[in-house]
Each structure stands twice: as C-alpha cells, then as structure tokens.
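So you can see what is in the structure, the chains are spelled out below.
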Amino acid sequence: MCLAIPGKVVEIFEENELKMGKIDFSGTMNSACLAYVPEVEIGQYVVVHAGFAIQILDETQAQEVFDAWDDLTDTLKDEGYTVQGKPLSKKKKDLN
Amino acid sequence: MKYLDEFRNPEIAKRILQQIKDTVTRPWVIMEICGGQTHSILKNGLDQLLPKEIELVHGPGCPVCVTPLEMIDQALAIARQPNVIFTSFGDMLRVPGTYDDLFKVKSEGGDVRMVYSPLEALKMARENPDKEVVFFAVGFETTAPGNAMAVHQAAKEGITNFSELVSHVLVPPAMEALLSSPDNRVQAYLAAGHVCAVMGWNEYIPIAEKFKVPIVPTGFEPIDILQGILLTVQQLEEGRYNIENQYTRVVKMDGNLPAQKLINDVFEITDRKWRGIGVIPNSGYKLTDKYKSYDAALKFNVGHIESQESPLCISGIILQGLKKPPQCPAFAKECTPEHPLGATMVSSEGACAAYYRYHK
Ligand code: SF4
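Protein sequence lines correspond, in order, to chains A and B. -12 is the number of the first residue of the first sequence in my numbering; add one for each residue after it. 2 is the number of the first residue of the second sequence in my numbering; add one for each residue after it.
Just chain B, same shape as in the assembly:
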C-alpha cells in the first residue's frame, strides 16, 4: 500500500538500526505510549533487533485496556435494557466485565452491534426511531473527533434516540502521571502519532521541559518506530529533551484545528479512572452541559453496580511499564486471548495479547 509499504523496507530498517547501534553508549529506557506501536514492535521483533542497551517499555495507550471495569459493567447493564440497540467498536465486545461481556449479552438476545464508525450508530438511530441507540464512546484523542461529530450531528438533526456512553481518555496527563510516579523508569517517550495528528505536539513542550525527557511523535510502521527510537537516543545521549517530530507526513505542530474546535464544543475535560492505574486528574472527556441529553449514563439509570477485578490480573502494573506480561503468573495459563482475565489480553493492542501472539 502506498505510504505504508515504503515504511516497511528492510534495507532502510537495517541502516537505521546500525545508526542506533553507533549512537548508543549507555542503557536507556524508552516508553512507546501507543498500543498500536507496541503491537508493531512485537510483530516485527524490533525489540529483539535493538542493541541491548535500549529497553522498550510498553505504555498505557490502549483505550480498550484502560476503560474502567465499572464502565464495562455499566455498558453491559445498558445493553441488557429492552428496546436498546447497543453499538461499539469490535474491540470492546470481548472485554470482560465483572461477570460477562457484550458477546454474552448478544447471545442472550440483546441487540448488540459492532460498528466501524460512530456515524453508523447515528444512522441506526435515524432508521430506528422507536429504538434507543447507544454508542460506547471509548478511545483517545484520535477517536474523539468522530465521537464528537456523531453527537453534534444528532443535535443538529434533532435526533433524540441516540446517546453515547463516554469513557474518553487523554494521553498527556497519563504521560505526566507516569513520570511523576516514584517508581518511574521512563527516560523518553515515543508519542502516539495519531493522537498527535489530531492534537498536535504543542502540549508536550511543558512535559518535556518539566521532566527533562525527550518526546518524539512517531508513526506506526517498523521504520517509523526505528527512526523514532534513533531520534530519541540521539537526544538522550546528547542530554537534550526536545519535541522532535518523526511522523512529519501526518503530524503538524497544531494538529487538526477543525477537529479540536468540535471536540471542545462537545466534550470537556474531567477526571477519569484508568483501569488498573486509578484516577488521573484531568485525563478524560465528558459531554458538555449543552449535550447532556446525549449522555447514556444519565439517560439510563442502571443503579449501583458492584465491580470486581480478577485477583490474579496485574495489568495495571504492566500498563505503567513496571512489569512485562510474562511476569504475570496467569499469563498463558489461566489467562489467554480465548479466556482473557484482563483487558490487556483482549485487545490486539494490549501488551499481554501482543506478547501471547508473538513472544510466547
């Protein structure tokens, strides 16, 4: 595919690897934030090719993995209501709640449907005026423009049988929270390219300065990632901590301004709980008052839900880059992609699933 295949060229990869080897003199710990990058790193065995001085730790950038259990349980309860069409991206269907998942609800007769875009969910609302259509709006900044547009468009068309169960998370506050932790090992970040495509990279400047860490917005193909690592290692070795954009073909300093404008109209910043990590201040979006009537959590009062994590799962520690999946006692034993105990084993972008697939 044009603009993908070029970034998979093994000759170029070899050359960049050589440059990394020539540059590195000391051990460094680099975190890739995005689960899509984690997947690409393990799939292409990049972690094995890098010089031993460089340790890649995998960040919390998998929205499926960090959506809190309470939110999944709430989604299940709403999906079980009569007259509801519950829609979601495919990844979320298999995420285990306390007792079951959305697939189970579907098998019991619930109307659960997978969509590729939130506009498809809106279309279902338009075509089924006697039903309530709910969209499970999870994701990072990359997904926010689409989810904002669906709500904005519903309001514009006067569609009232559409709502979103919003559990949006934001990347920069999580990056800051990880760096502030006393256990932190991260010395540099590869920032998530598609998050930056929407938001730009301005907001990383204060983080890089405050914590003295290089931050490199990076793409997703093997060569993007190797080049991102090279730029990072050059900075680390020279003691610099700048924002250096690897993904220039997609990321602009200001990001996508029309998208940011609509996001700011539909959503506002709120504290958000991250599964396995806890509450991070100002790390999520909720609907603004103007769009309150599109909030599924307010529309469907599903009462108090007791949520309980599997006692075996250590995904929170993994999402903070403190342990690797094989260090979990349940990994590939009680917990497999067929029978996941935690969300990091469900999503193909979850670190546990990526290790299971490529490193077992």
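This is chain A alone, in the form it adopts within the complex:
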C-alpha cells in the first residue's frame, strides 16, 4: 500500500485548479498530482504514491551514494574480487 516509485516529470499542467504532471516511469506515462511538490520543475524526478507526488527525489543525495559505492567496488577490485556492472558515479562513467 505504501509503494511509491520514482518517475521523471515531463509535463506540468493544471486540472481543476490543481498542479498536475505527466510522469515518465521508464517509458510508462502516467499523470500525478503535483500539489504537494509546488516547486517541482520539468526534468526533475518525483516519488509518486497513489497518484500523488509525495517528494522530489534528491538527485545529489543519490549521486553521493553512488560515488560511495564506486569507491567500495574499487576496494573490492583491489582485494582481488571480480566486480561486474558499470560504475554508478558520473565521475567514473566519464572516465570509462
């Protein structure tokens, strides 16, 4: 019941005087009410539950986590583990 998923705001419009948005959930489009994230802009990610965006996803925070993980996988590699998967941090992706 508390499932909420991240999607990208691709369009903002008004319906019955409520701020609404068209949200792209990796290819699947759906609309959601944006009244609780009044400052949201097109291109940002929101977390949507039961037709309402309940938060703007903090991409900087997510990126910090990815950076930390890439450091972790680097350590793993140094320790001789085989590490699959691409780097997650932007910095490392650019290097690759």
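Hints were generated in silico from the structure; no laboratory data involved. A hint or two may mislead.
[Unchecked claim] DEER-style ranges, computed between Cβ atoms:
1. B:M254 x A:E28: 14 to 24 Å
2. A:I(-1) x B:T271: 35 to 45 Å
3. A:E46 x B:M254: 10 to 20 Å
4. A:A55 x B:K132: 46 to 56 Å
No residue lacks a Cβ here, since even glycine has one placed at the ideal position from N, Cα and C.
Place chain B with the ligand on chain A using the hints.
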C-alpha cells in the same frame, strides 16, 4: 528503471552483507515496520543471506491487514446500498469481511470500482451527480495526503455526492505500543521510508530516546534494506540509539510540509482499532468537524453490524512480530491467497501472503 535498478546491484549487496557480517557479534532482533519492506525482504531472500545473529521480524505496516473487520463489514454494507458507487484501492477488494468481500458485492450487481488515486473517485462524483460516490480511505501517513486532497478539493468545488469511509492508521503510535508490550522482542526499527517521506523523522526522536532503540528510516530496494540493517546493527553493537536516515534521496527531516498542512486541516488524530491488535490510542485519523459532511460513516447509517473473526487466524500475533506465518496452523492449509482467512494473506504486503509466495 532509474533510481531503482541501481539499488538492486548484487555486487553492492554482497559488499554490504560482508560489512554486516563483520560488524555483528551478538544476536539482535530488528523489526521492519512496513509491509512493502517485508515483501522485498522475502522476495529477494534477504533474511536467508543475513548472518544468523540477525532476526528480522515483520511489523504491522500493512494498512490492508490492520483495517478492522468492523470497518470492512461497514464498507460492504455501504457498497450494497442502491445508488452508490463504491471505490477503493485494488488491495481492499478481496479482504474478507465476516461473510464476504467487495468482489462478492460486485458480482451481485453492486457498483464497486477499483481506483488508482482518490482523485479518480472524485472525478466519478463530478461525472455522476445523481449517484453517491464513496471512497474507502485506508492507509498510513503515505496515503493521507491524497485522501485529504480529495476531500479538500470536493469541498472547494462544492461537490456533495462524494464521501470517504476513513480508516487511517498512524505508524509511530503503533511502534510505541509494540515496544511497550511486555512480550516485546524488538530491539531496533527500520522505519517505513515513504511514511517518513511525508511526515519526516522528527517524531521518532522521543521514541528512540524513551525506549533506547535505534530507528533507521529505510527505502524499499534490496540495497536500501541491507544498508538500513547495517546502520541499525552498527548502532546496536555500539549501544547507540539514534535516528539515522538511510533513505536520504527521499526522506527529509521535516518531511513534506505542504502535505502535512493539508492533512492537519482535513484530518484529526483519533483512537483507532487495528485488526488483530486492538485499540491503540491516538493511532488514526478521522475527518475534522469542518469536513464532517464528507464522512461516509455518518452519511450512510448502516445500523449495527456483528463482526466475527475466523477463530483459526492468528494474524494479530503475527502483526506484532511474536510469531511467523508458518507457525499458524491454518497457513497454506485452510488459508491460502485464493481462500484467505485473514487480511495478512490477502495483501501482497501481508506477511502471510509473502511467506506463502516466497517461502512455502
Ligand atoms: S495464515 Fe491465514 S489464518 Fe493464519 S494468520 Fe495468516 S491470514 Fe490468518
């Protein structure tokens, strides 16, 4: 999917598991509050991967599971009224009342419709002015902003043929009630990430201090959960009991303030009965006096209803983390997802359904 797939990376999961193994020295009991997390834990077999010292117990965080039987019976009675369109999230349609469920009402000709958002129910009211549209407003704090908005919007537009049957429940009072129980085994909580997205994590500070338990707001993907467990175990081992936010990409300390503002306008705190557990003081929302005319329970007087639980079902004990589903004598025998005896077997977030699906 962006911001989901990254949190399912098996390499990272392995690394965090190793960190957990390196940290733990003693047995600990950790409860994940949210049924969505229970589902993710069992689906990904996380409980099997953790070191044996760590026991995860599954909390009451499934609104479908804890909606009291009397409320389900009341919903059924309202849905049977002529001229009513009864709307609900899909999960609630199969929850057994004393005698039947909303699907049965529908098959007998009742106008029962599943909606994805409460605004859809409001739209039906707008488009069917000669009908009464009722929305079954169940859920935790995560769902409250939407349910509050539908009522607020109805009032603003002067729509009078819309109402909500409200059975909202609140997480922190339940966490406190579990810790206060003499049978309590829980030593730390993974708090429900999306509840915290709305409410923030301020309100957990007094609970953590009073009961000396670490509380970690946690997300829903496998790596979120493993990281939440790691943060919890580090605190337990060091004897700390802080609020440490794992789900930083979604949860802020204050939560969502515009949502809280509207919730406080439309709803007020009330005592609420939890199915299988009993009444927990101050653990629910009801509509404020200002919005009383949108209360379906007042609008439709359905008389006195005798509700009776299945005598076999022990879901209340399971929801308190005192037993696991396979310990129920009816599990996978009289009780299956096709023929559920209790709500914990109906919802995919219910512990019984999750065990049936992934651990049978
Ligand atoms: S298995 Fe069925 S009867 Fe047993 S506790 Fe779960 S829901 Fe109730």
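Status of the hints after comparison with the structure:
A beta carbon spacing of about 23 Å between M254 (chain B) and E28 (chain A) agrees with the range 14 to 24 Å that was offered as a hint. Distance hint check: the CB atoms of I(-1) (chain A) and T271 (chain B) are about 36 Å apart, consistent with the given range 35 to 45 Å. Restraint check, E46 (chain A) to M254 (chain B): a C-beta distance of roughly 19 Å satisfies the suggested window 10 to 20 Å. Taking the beta carbon of each, A55 (chain A) and K132 (chain B) are about 54 Å apart, inside 46 to 56 Å as hinted.
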